[in-house]
Amino acid sequence: VTEGPLPVEGAGKVEGPPTGGGPEASLASRLALAQKAGGVVVPLLTTVLAFLIGGLVVLATTGKNPFTTYKAIFEGAGFNWFFQVGSYELRIPFTHAHIPFPWNTNDFDSIAAVNLQQTLIFWVPLVFTGLAVAFAFRCGMFNIGGQGQYLVGSIMGLWVGSSLPQLPGFLHIVAAILAGAVAGAAWAGIAGLLKALVGAHEVISTIMLNWIAVWVGVFLFGLGGPLQNDTQEFVPVSNDVLDESKLKVFWGDPLLQGLHVGFFVAIAALVVYWITLNRTTLGYEVRAVGYNPEAARYGGISVARNYFLAMAIAGMFAGLAGAIDIVGWQYRINTNDVLTSSIGFVGIAVALLGRNTAFGVMLAGLLFAGLVTGTSTRNLDPEIFRPELASNLTLLIQGLVVLFVGADVLILSLLGLRKRRRRRAAVEAG
Amino acid sequence: MIERLLARLPRGARAVAWVGILVGLLAFWVALPPVQIRQPIVPILIGVVGIGLGIGALSRGVRRLAWGAVVIGILGIALGYLATRSSVDHLDEVVVWSALTAAMLRYATPLAFAAMGGIFCERSGVVNIGLEGMMLSGAFFGILGADKLDSWALGLLCAALAGAGFALIHAFFSIHLRADQIVGGFAINFLALGITGYLFIDIYGGEGTPPNIPNIPDVHLGFLKDWYFIGPVLGQLNLMIWLAALTILATWVVMFKTPIGLRIRAVGEHPRAADTVGISVYKIRYASVVLSGVLAALGGAYLSIGFLNSFNQNMTAGRGYIALAAVIFGNWRPWGAAAAALLFGFSSALAQRLPAYSESAAVLFQALPYVLTLIAVAGVIGRSIPPAAVGRPYKKQ
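Chains as they are written, first to last, in my numbering: chain Z, 730 to 1159; chain X, 371 to 767.
Treat the hints with care, as some may be off.
So the derived list for chain X, only partly shown, Cβ under 7 angstroms to chain Z, looks like this [as the list claims (entries may be wrong)]:
1) Ala557
2) Tyr568
3) Asp572
4) Thr743
Over the 10 angstroms line for every Cβ pair with chain X, so calculated as not near, a few chain Z residues [as the list claims (entries may be wrong)]:
5) Val943
6) Tyr1020
7) Arg1061
Bear in mind the hints are in silico, worked out from the structure with no lab data behind them.
Computed from a prediction, not measured in an experiment: that's the story for all the values here.
Glycine residues also receive a C-beta, built at the ideal position from the N, C-alpha and C atoms.
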């Protein structure tokens, strides 16, 4: 008696021997299977399907040509930059040397370059929050708390970055980012600890931690709050981070939000994620627990320890996102940001679409960063499509992607069914 | 009936612990209006009695309740002492019991609707993270229907249909396609946010919803007007608040007193066994999920056409998650969840009045539901035990 593919247990605390039937496949093992079987086909199909439906919505509600709309979003995201090939020069960062380069990096004569910078600025936190969800996934947990971990990371990063004026510049940046990472790890660690010790379901505890972080943020930066601005008494905003703790901008105009060096930290994080999962004992244990906690326990792996560690590391990624956003380009937090930010939630879509692999997270992050940037009021041409509408279109597409990715079984079984039918037909034909 | 109720009252050491809890609460209460004793020694003495009762029960083997009495006694002393130190003006401004209670009912209503939906859904074995999205869809389509069809009743109908629609998507993906239910519910939230935001901008543009939309009426109970406390609280409540009370009652009756409820619970506890005795697992689950969408949407519609009389993008702002918290906090039981919704509603009502003391810190009360639920799932106060098969797709053999 098997109960089919069984995902992660539901709400509340379910952490015991399986109640019925054969060995239970965990969420991670199911995803791993899907990954092997579907490869990149399922995510691609998912994306195409989501964009198709989004296009139909555009056509049905506004009568505008979906392709023109998508093209405008594409250009708003600056992706057309890659197609504007010519012979240009690239200044090697932090020097005055120039080398030939096929793309125009000078944002005075390339709007695409400016837009692409925006997209990449947004790509950085999406990679981190995507990894935060993906790492927990690999351990068989669903980390919905990326948003809360991101928030506490940015709060701590801001607190360190805007105080301690005697600290020298480089150390200050490192301290602010580390503070964010530690805060995120601690925040997620609460959920990990609860799961490890009493079996509290991580989905519930991370949802609760998200909202606690939101209200703590509103309290801290709201009027009269402890971290509210020292000079503007009636604005619910924090102090700015000090100038020496701002990250260096290596592409674009620092005054107009250029791309900061956090970009390289994000790339490094992708590499670290891959190495940790695939080339270390920790990663081996995490994946083993994710595939089958019972088998891992039998094999001498401490399941509780790995639940806690995986959650803490996941939270560290999300906390890094928050701190790097603060010292990279936001420099301050107002209560409205705290209430409306959704980077952690988009991170879930990124991880799901990216199939929890480093490479997948990188690409899915680029897709969603482009969507969000391309539909922003700043970047989308209002003549073609209203940005307020388009930003909701983005949410719609994100929802569809998550919905379809969740139903990978459907897509896989459809593929499998067709193959089987074809095989049967071939057999019958002789 | 009365004898049966009396038989269920706690006895012995448990009763002592309960009295201790009540005495602990009394310690705080005497320091508040209308009694408002100003001598700090009074709440301290009462609190000590409460703690003593708790310790007494503890020595006779009652663990959790007795610790609860001790903690509440300590809290009662601390809060009671603070209240005696605080200025009379502030106390009178913040603690107006009738207004607080009425506000609590208003805030609790959307939570109660969605929580009852959550109970149906989760009791049948389907996790519903998507309550938030279903609520939001109800809020938008409720006001849209009321505006375009010029009737609040038709608005409610539209809301219910929209909630049912979203729930149907969730049901199809989690029951038929056996997709991960948490991912599916999460997708519903994204979808609802996108669809309602898109249509809101498309239809109403920058101006927002017009002010003259027909609203759900209040129920005026004139004969209650002169009754102490009850008059100001119950005399003029929105129709939806009474409907919420009815819904809670109906949920309890259906879930625990009818064969349908037994089937729902069976499907959520052990679908294979239910299937074996001829219950259609799929049908029960579909019906439960759709019903949860309808109820959550009605809660959302109360927000837009009963309470605030307007719509904003993402106006539910996490209330669906609080409803989910109420379901867990209330241990997947209607009365428990309703009590949790009231408690969470009370913390919202307090948060609105506390700025008299500190503008910034009052906001922290908004986090109270989440903190309490976190403590509840941690197993510190009672264990929350979900339906055994919740979150697991069922595959027919």
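These are the hints, each one checked on the structure:
The beta carbon of alanine 557(X) comes within 4 angstroms of a beta carbon in chain Z, closer than 7 angstroms, and the hint placing it at the interface holds. Interface hint status for tyrosine 568(X): upheld, as the beta-carbon distance to the closest one in chain Z is roughly 4 angstroms, under 7 angstroms. Below 7 angstroms, beta-carbon pairs count as interface contacts, and aspartate 572(X) has one with chain Z at about 5 angstroms; its hint therefore holds. About 5 angstroms separates the beta-carbon of threonine 743(X) from the nearest beta-carbon of chain Z, less than 7 angstroms, and the hint is met.
With a least beta-carbon separation of about 8 angstroms from chain X, valine 943(Z) fails to lie farther than 10 angstroms from that chain, contradicting its non-interface assignment. Every CB of chain X lies more than 10 angstroms from the CB of tyrosine 1020(Z), the least distance being 16 angstroms, so the non-interface label holds. Every CB of chain X lies more than 10 angstroms from the CB of arginine 1061(Z), the least distance being 17 angstroms, so the non-interface label holds.
Comparing the model with each earlier hint shows a violation of hint 5 alone; every other hint is respected.
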